Amino acid sequence: MDHSMSELPFRQKLVLVDWIGGGLFAASMCSILIGITWGGCRYNWAGVQILVPIIVGLFGMVATVVWESRVANPFLPLRLFKSRSGAVSYFCAFIQGLLLFSMLYYLPFFFESCKNLSPTLAGVSLIPVTGALIPTAIVIGIIITRTGSYRWALWFGFGSTMIAHGLFILLNAQISSRQWIPFFLLGGCGHGLVVMSLTICIQAIAKPEDAAYAAATYTFVRTIGMCVGVAIGGCIFQNALSNKLKDLALPISVANNAEAFLAILKTLDLDSPIRQAYVTAYSYGFRQVFIAMTAIVGVGGICSLLIQEFTMDRNLESEHVIRR
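Positions 8 to 331 (our numbering) are the ones given, in order, by the sequence shown.
Fair warning: there could be bad hints in the mix.
[What the hints assert, rightly or not] Calculated pairs, BS3-like style, for lysine-lysine (alpha carbon to alpha carbon, straight line, at most 27 Å):
#, residue 1, residue 2
1, K273, K122
2, K214, K89
3, K253, K122
4, K253, K273
These are computed hints drawn from the structure, not numbers from a lab.
Predicted model only: the values in this text are computed from it and were never measured.
Go ahead and model the full structure; you've got the sequences and the hints to work with.
Following this line, the structure appears as structure tokens:
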């Protein structure tokens with residue numbers, strides 16, 4: 008195989024990397040996430056400690072877009088977002104990453120705090136999710152390849168995911184495995200549908216010469232969604248937990264170290280009133296997280312209706328050639 012880029016000296020390849028754009032984006036995103044993470048719990052939302060990081064981060068994002076539109080080799084090709092279907096597809100990928108990681112983070116957290124499971128068993132509880140997600144994605148990929156249509160899978164995926172996240176709202180300390188396992192299976196199937204349909208959708212929308220950029224950008228946007236999902240979920244959980252602890256006359260400082268407090272929570276007797284009060288507060292926090300995530304997946308589902316159908320029957324155009 009021959010490619011012009013492979014013949015460039017290593018130092019020249021480093022020069023071609025968009026260090027400024029990548030640095031601007033990373034710094035801006037970190038600034039926004041800091042503001043979201045601290046908001047309402049560590050500092051007041053109207054406080055300078057929250058407003059300054061968020062505002063600086065937003066200005067940084069604008070600067071990043073301006074820079075990416077002018078630089079010769081952008082790390083984030085804006086041409087991929089020019090069509091409506093392309094922009095909406097990447098937004099849906101962001102939403103899916105946000106939902107998936109918030110689910111994978113807060114479900115084991117729920118089992119450790121409210122069901123008193125060990126970290127190992129809390130991780131095992133996710134098997135219905137992962138066990139349904141991967142096979143569903145494989146099967147749907149085969150079906151889409153044979154039918155040449157992906158929108159139906161996207162819509163069914165968001166619909167199933169919304170129902171599953173809505174059912175997560177019902178999770179509490181008394182729920183049995185017979186009840187929550189079907190919820191998790193449905194959530195895994197929904198995410199499997201969305202992941203595979205979006206992967207194919209984004210490749211179909213992109214121009215043949217942009218296929219590699221589209222795949223990389225899809226992974227990048229989805230990863231950003233994962234980071235934001237944990238941050239937003241943490242913000243909602245901490246604020247809800249803090250309010251509930253206050254209502255129950257319990258120390259609200261627990262909300263700032265909710266994960267660390269599990270070590271103390273596990274030492275309390277299962278039937279003790281104080282432990283039951285803490286479990287009630289934790290359950291309330293998780294419920295608010297899943298309510299928010301249900302609303303977010305609803306937004307993603309509505310946006311997915313704007314994605315058009317593109318043909319997948321086309322030849323691959325590549326800059327790589329066989330050296331003779």
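To test your reading of the hints: which numbers does this structure violate? Going through the list in order, the structure violates no hint and respects every one.
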